[in-house]
Amino acid sequence: MQKAIKSILMTLLFLFAGVGVVASGLLLREVYLESRYEKLYIRNCHKVKAGMTLEEAKVAMGGSRYYEHLKSFSYETTFEKGKPTAFLLTYPTSGASYTVAIEYDPTTGLVKEVECSGY
0 MQKAIKSILM
10 TLLFLFAGVG
20 VVASGLLLRE
30 VYLESRYEKL
40 YIRNCHKVKA
50 GMTLEEAKVA
60 MGGSRYYEHL
70 KSFSYETTFE
80 KGKPTAFLLT
90 YPTSGASYTV
100 AIEYDPTTGL
110 VKEVECSGY
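Residue numbers (numbering that gives the first Met the number 0): 0 to 118.
If you're looking for bench data, these hints aren't it; they were derived computationally from the structure. Certain hints may be false.
In silico SDA-like pairs for lysine to any residue, Cα to Cα no more than 25 Å straight-line [said to hold, decoys possible]:
1. Lys-48 <-> Arg-35
2. Lys-57 <-> Phe-78
3. Lys-46 <-> Lys-82
4. Lys-48 <-> Gln-1
5. Lys-48 <-> Ala-59
6. Lys-111 <-> Thr-52
7. Lys-57 <-> Phe-72
8. Lys-80 <-> Pro-105
9. Lys-57 <-> Leu-11
10. Lys-46 <-> Glu-102
11. Lys-38 <-> Leu-87
12. Lys-46 <-> Thr-92
13. Lys-82 <-> Arg-35
14. Lys-57 <-> Lys-111
15. Lys-82 <-> Thr-52
16. Lys-46 <-> Gln-1
17. Lys-48 <-> Leu-87
18. Lys-82 <-> Gly-50
19. Lys-38 <-> Glu-102
20. Lys-82 <-> Ala-59
21. Lys-38 <-> Phe-78
22. Lys-82 <-> Glu-102
23. Lys-111 <-> Leu-87
FRET-style restraints, in silico, Cβ to Cβ [said to hold, decoys possible]:
24. Ser-34 <-> Glu-54: 23 to 31 Å
25. Met-9 <-> Pro-83: 54 to 62 Å
26. Thr-106 <-> Leu-25: 39 to 47 Å
27. Ile-7 <-> Arg-42: 34 to 42 Å
28. Leu-109 <-> Glu-33: 55 to 63 Å
29. Lys-80 <-> Leu-25: 56 to 64 Å
30. Lys-46 <-> Thr-76: 40 to 48 Å
31. Leu-11 <-> Pro-83: 47 to 55 Å
32. Leu-109 <-> Phe-78: 15 to 23 Å
33. Leu-26 <-> Leu-109: 17 to 25 Å
34. Lys-38 <-> Glu-112: 43 to 51 Å
35. Ser-93 <-> Gly-19: 53 to 61 Å
From the three backbone atoms N, C-alpha and C, an ideal C-beta is built for every residue, glycine too.
Make the full structure from the sequences, and use the hints.
Given below as structure tokens:
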């Protein structure tokens, strides 16, 4: 009986250790990919100009396959008197001193302003 309990505990120990190793590997992969995208966004920020459509700006920021990493940017909306006045598309960067953001008009979908600070 003692031997069976000991073998079950050892099996569980190895199972949880294996899960931990796999989870750590996936986390490292995610951090690596995010840092790659951050460098891409910082490098491509100057390609976006006012007057471009939002789709053109997204492609310029992330290349022709930008849709594969859609989770890498976030939307913010500015309201004035209950009406949306501007949408802001922000991209993640590794340092707090860097900002990569695209402001566009919600009605026309054209880029109004591009912020590439920290350079």
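May I ask which of the numbered hints given earlier this structure violates, with the numbers listed in increasing order? Those not satisfied are hints 3, 4, 9, 13, 16, 20, 21, 27, 28, 29, 30, 33, 34 and 35.
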